[in-house]
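So the protein sequences, as listed, match chains A and B.
So the first sequence is numbered by numbering that gives the first Met the number 0: it starts at 0 and just counts up by one.
So the second sequence is numbered by numbering that gives the first Met the number 0: it starts at 0 and just counts up by one.
The hints are simulated quantities; they were obtained by calculation from the structure and are not laboratory data.
Please note: incorrect hints may appear among the correct ones.
[As the list claims (entries may be wrong)] If you want the ones that stay clear, here's a sample from chain B, every Cβ over 12 Å from chain A, calculated: (1) I200; (2) H236; (3) G416; (4) R510; (5) G567.
[What the hints assert, rightly or not] In the EDC-like style, the derived pairs of lysine to aspartate or glutamate whose C-alpha atoms are separated by at most 20 Å in a straight line are: (6) K1/A to E307/B; (7) K173/A to D558/B; (8) K1/A to E238/B; (9) K429/B to E267/A; (10) K112/B to E7/A.
Glycine included, each C-beta is placed from N, C-alpha and C at the ideal position.
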Amino acid sequence: MKTLTHLERLEAESIHIIREVVAEVEKPVMLYSVGKDSAVMLHLARKAFYPSPPPFPLLHVDTTWKFQEMYKLRDRMAKESGMELLVYHNPEAQEKGINPFDHGPLHTDMWKTEGLKQALDKWGFDAAFGGARRDEEKSRAKERIFSFRTASHGWDPKNQRPELWNIYNAKKNKGESIRIFPISNWTELDVWQYIHLNDIPIVPLYFAAKRPTVERDGLLLMVDDERFPLEPGEKPVERSVRFRTLGCYPLTGAVESKAKTLPEVIQETLLTTTSERQGRAIDKDAGGAGMEKKKQEGYF
Amino acid sequence: MTETTTSDEPRYVVDDLIAEDIDAYLEQHQHKTMLRFITCGSVDDGKSTLIGRLLYDSKMIFEDQLDALHADSKKVGTQGQEIDFALLVDGLAAEREQGITIDVAYRFFSTEKRKFIVADCPGHEQYTRNMVTGASTADMAVILIDARKGVLTQTRRHSYLAHLLGIRNIVLAINKMDLVDYDQPKFEHIVADYRAFANEIGIEDFLAIPLSGLKGDNITTRSDSTPWYDGPTLVEHLETVEVDSSLDQAKPFRMPVQWVNRPNLDFRGFSGQVATGTIQPGDAVRVLPSGKTSTVSRIVTLDGDLDEAVAGESVTLCFADEIDCSRGDVIALADNPPQSADQFESTIVWMNDEPLHVGRAYWLKVGAQMVSVTIHEPKYIVNINTMEHLAAKTLELNEIGVAEIVTDKQIVFEPYGDNRVLGGFILIDKMTNATVAAGMLHFSLRRAQNVHWQAVDIGRKQHASLKNQQPAVLWFTGLSGSGKSTIANLVEKKLHRMNRHTFLLDGDNVRHGLNKDLGFTEADRIENIRRVGEVSKLMTDAGLIVITAFISPFRAERDMVRAMLPEGEFYEVFIDTPLAVAEERDVKGLYKKARSGELKNFTGIDSPYETPASPEIRIDTTKMSPEEAATLVVDTLLGDI
Numbered sequence: 000m001k002t003l004t005h006l007e008r009l010e011a012e013s014i015h016i017i018r019e020v021v022a023e024v025e026k027p028v029m030l031y032s033v034g035k036d037s038a039v040m041l042h043l044a045r046k047a048f049y050p051s052p053p054p055f056p057l058l059h060v061d062t063t064w065k066f067q068e069m070y071k072l073r074d075r076m077a078k079e080s081g082m083e084l085l086v087y088h089n090p091e092a093q094e095k096g097i098n099p100f101d102h103g104p105l106h107t108d109m110w111k112t113e114g115l116k117q118a119l120d121k122w123g124f125d126a127a128f129g130g131a132r133r134d135e136e137k138s139r140a141k142e143r144i145f146s147f148r149t150a151s152h153g154w155d156p157k158n159q160r161p162e163l164w165n166i167y168n169a170k171k172n173k174g175e176s177i178r179i180f181p182i183s184n185w186t187e188l189d190v191w192q193y194i195h196l197n198d199i200p201i202v203p204l205y206f207a208a209k210r211p212t213v214e215r216d217g218l219l220l221m222v223d224d225e226r227f228p229l230e231p232g233e234k235p236v237e238r239s240v241r242f243r244t245l246g247c248y249p250l251t252g253a254v255e256s257k258a259k260t261l262p263e264v265i266q267e268t269l270l271t272t273t274s275e276r277q278g279r280a281i282d283k284d285a286g287g288a289g290m291e292k293k294k295q296e297g298y299f
Numbered sequence: 000m001t002e003t004t005t006s007d008e009p010r011y012v013v014d015d016l017i018a019e020d021i022d023a024y025l026e027q028h029q030h031k032t033m034l035r036f037i038t039c040g041s042v043d044d045g046k047s048t049l050i051g052r053l054l055y056d057s058k059m060i061f062e063d064q065l066d067a068l069h070a071d072s073k074k075v076g077t078q079g080q081e082i083d084f085a086l087l088v089d090g091l092a093a094e095r096e097q098g099i100t101i102d103v104a105y106r107f108f109s110t111e112k113r114k115f116i117v118a119d120c121p122g123h124e125q126y127t128r129n130m131v132t133g134a135s136t137a138d139m140a141v142i143l144i145d146a147r148k149g150v151l152t153q154t155r156r157h158s159y160l161a162h163l164l165g166i167r168n169i170v171l172a173i174n175k176m177d178l179v180d181y182d183q184p185k186f187e188h189i190v191a192d193y194r195a196f197a198n199e200i201g202i203e204d205f206l207a208i209p210l211s212g213l214k215g216d217n218i219t220t221r222s223d224s225t226p227w228y229d230g231p232t233l234v235e236h237l238e239t240v241e242v243d244s245s246l247d248q249a250k251p252f253r254m255p256v257q258w259v260n261r262p263n264l265d266f267r268g269f270s271g272q273v274a275t276g277t278i279q280p281g282d283a284v285r286v287l288p289s290g291k292t293s294t295v296s297r298i299v300t301l302d303g304d305l306d307e308a309v310a311g312e313s314v315t316l317c318f319a320d321e322i323d324c325s326r327g328d329v330i331a332l333a334d335n336p337p338q339s340a341d342q343f344e345s346t347i348v349w350m351n352d353e354p355l356h357v358g359r360a361y362w363l364k365v366g367a368q369m370v371s372v373t374i375h376e377p378k379y380i381v382n383i384n385t386m387e388h389l390a391a392k393t394l395e396l397n398e399i400g401v402a403e404i405v406t407d408k409q410i411v412f413e414p415y416g417d418n419r420v421l422g423g424f425i426l427i428d429k430m431t432n433a434t435v436a437a438g439m440l441h442f443s444l445r446r447a448q449n450v451h452w453q454a455v456d457i458g459r460k461q462h463a464s465l466k467n468q469q470p471a472v473l474w475f476t477g478l479s480g481s482g483k484s485t486i487a488n489l490v491e492k493k494l495h496r497m498n499r500h501t502f503l504l505d506g507d508n509v510r511h512g513l514n515k516d517l518g519f520t521e522a523d524r525i526e527n528i529r530r531v532g533e534v535s536k537l538m539t540d541a542g543l544i545v546i547t548a549f550i551s552p553f554r555a556e557r558d559m560v561r562a563m564l565p566e567g568e569f570y571e572v573f574i575d576t577p578l579a580v581a582e583e584r585d586v587k588g589l590y591k592k593a594r595s596g597e598l599k600n601f602t603g604i605d606s607p608y609e610t611p612a613s614p615e616i617r618i619d620t621t622k623m624s625p626e627e628a629a630t631l632v633v634d635t636l637l638g639d640i
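The task is simple: from the sequences and hints, build the whole structure.
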């Protein structure tokens, strides 16, 4: 008798979900954001289809404002997995030069929310894997693993299909698409632990290093390239920092840290007293209901 | 009693090991097992408070969330200046405003020994569907009782559902003991009450714990207030209770095939999640339903081949022989395979606003098998408050009934009690694609196996060739008074003159004989069309060209008839006449009666007509005469003959 550990059960569940999607939908894609959750999801997809490469492409809805190290790892992982990498930039955002410094919430709306909708429509994907977890945020705790979106990509939390056992209903109506969250039931600690056990490559930004930073509105921001507009008298300061979550560099706060190894990072995560998403400005836009509102509008 | 710990001393404040030796901590965490459970209780039983407490005590709440919680507690909380743990759990904005939980929510916490996933299920009656959903993946059910109120109707309902879904581990959490002064007789009385009921419905065992979610009694630490209780605390019990998945390993091997992995000509693997049992290279297996046998040559994973795979694991198996095996098949132990059948007795939980249509075809998904299924009239439905069996014609939202079901081909199955994976199914509406029901297969009905097709020497091909024609069904559909019968009659006359062997089945005429027992309710209309479909099929077997003229308002039934016939033999002829025009004509005076309310369920007036999405032939009667229409139909048909 072999007792499965919680990670083994979670892994088996996620692989089952990924295979089910590929068997039942026409054109799936995996949203790849280069973060640690994406890293785990990609690894699970590779496990699900080994020795074949996963039979779908990776899609990165880019904002052009990610950290340089993220772009590097993204290209490397696409190569290693043998998967096609699609990168999408919202042409309108590009043309208008939308950026996080001048445009506030519009930056996320146009590059990410609109960009994602455009990318899915452009290639005609009817199902997209995402690395969201139910423990991240309250509205996600109630979202199904197979989450349906209307033709305009909206989410209706009151009208979700019941999900029973490990049976998933992937049949969709005309114009509908599905978001699938294979790691819904993982917690942040599970993700870290799994990366540790499987030696999964992650962006070095998760580990502490001396980095040029400035402090703004209570967030420690990293000056990742020359596009960072410094205010008069403002000078980047070298600090030993790392990131708990990765997004656009001007929107992602660093934490001061000395954690250089994965166990040290996990240790710090467990000892810390603030939740993961606090470093991100996005959840705070509309008070407690921020993410729920965003999702109804089509944010992943 | 030497218990001196108090609930002020939270047990799960940061593990010292994290700070002292993170590697040791990770090692420990790595070996944790997982338990999934549901909590069920009525609105005021303190369920959210209990879950909030479990998260809080296991340090799953961070400082920023805690700050938000403190602020929210003061703003909308129900506990005065104290922390309202319920706010941690009540997720969506809408329900926070209404102060109720409206759907299944999943929460996570862990202790030194286990990781837990809690499905938080609401207690309202109309949400049976949510509780069944939450229970379907649970190893355990925690049923809350308010100590002041004792066993209520809701308690029975929750227990029945948990038992129905096959949950063996049941905890009776008798909550709010602080409000009854931790009174032992009160506790014992509730336990005795519950035991009587539990025995009645077949629950063999349960554990009752006196606790207070608000004060923290017997949650993580023994309470000083209940010295008379010597059982485990809730968390101790959660940590040690046996998980179902280990029991599944003792059963015979079964794995539904999800995906055939074929990267190149040298590799063919069959991927799936092991439902029950264990498998090793060299084991003899049988593929069902074909019954072909082989042996397992390899168990392939990205981390290298395995010596053994067990229930719950997702793996890829390779066989020693090249045998047919595809998605939906089940790989099983060669000398102990499951059965196949196409008729079953099942329990069905209806989960959709639109009630069950007896006789209509739905999709049924069990494991990786997807088949078409029709449901008979329920034998009975269960009143989940009293457990009484009641007669019923259909199943409505949140109703649970026992009914026979018939699939269009054999499926590999096991009774739900033996195997959740091969016995649990969902039903999908073919038109809306919604998941409308969940069900459990109990046993196969022998009837199917005893009625065999009689092999005949003169088949449909011989019948048709003697008549020198291709059989077909011209299925006229459209509103009453649209001109179906008129045009169908002209079409038959034309074909007859051309020496074709035809037969016209007219709606009104059939209702005088074959279908005179049927009325005009939705269920009867479905049955009407099913019978006409079967008769048409027999007539095409006899080589005839069948012309039918029925309103046949529902897309699902037209598609059902289409599916009965060989591809290319079904012609949907849509007589497209706007309602206003048909009503204006009102040949039989029926619209007038319907408008006055004298006639009920009249298509177009108080019963819907679902327009064909892509008919083979569409006739716009506002643009052509019946004669022209008939010519168009005949030309289209003969163009194909």
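Do the hints match the structure? See the list:
no.	hint	verdict
1	I200	holds, 21 Å
2	H236	holds, 18 Å
3	G416	holds, 14 Å
4	R510	holds, 34 Å
5	G567	holds, 25 Å
6	K1/A to E307/B	holds, 10 Å
7	K173/A to D558/B	holds, 18 Å
8	K1/A to E238/B	holds, 18 Å
9	K429/B to E267/A	violated, 51 Å
10	K112/B to E7/A	holds, 15 Å
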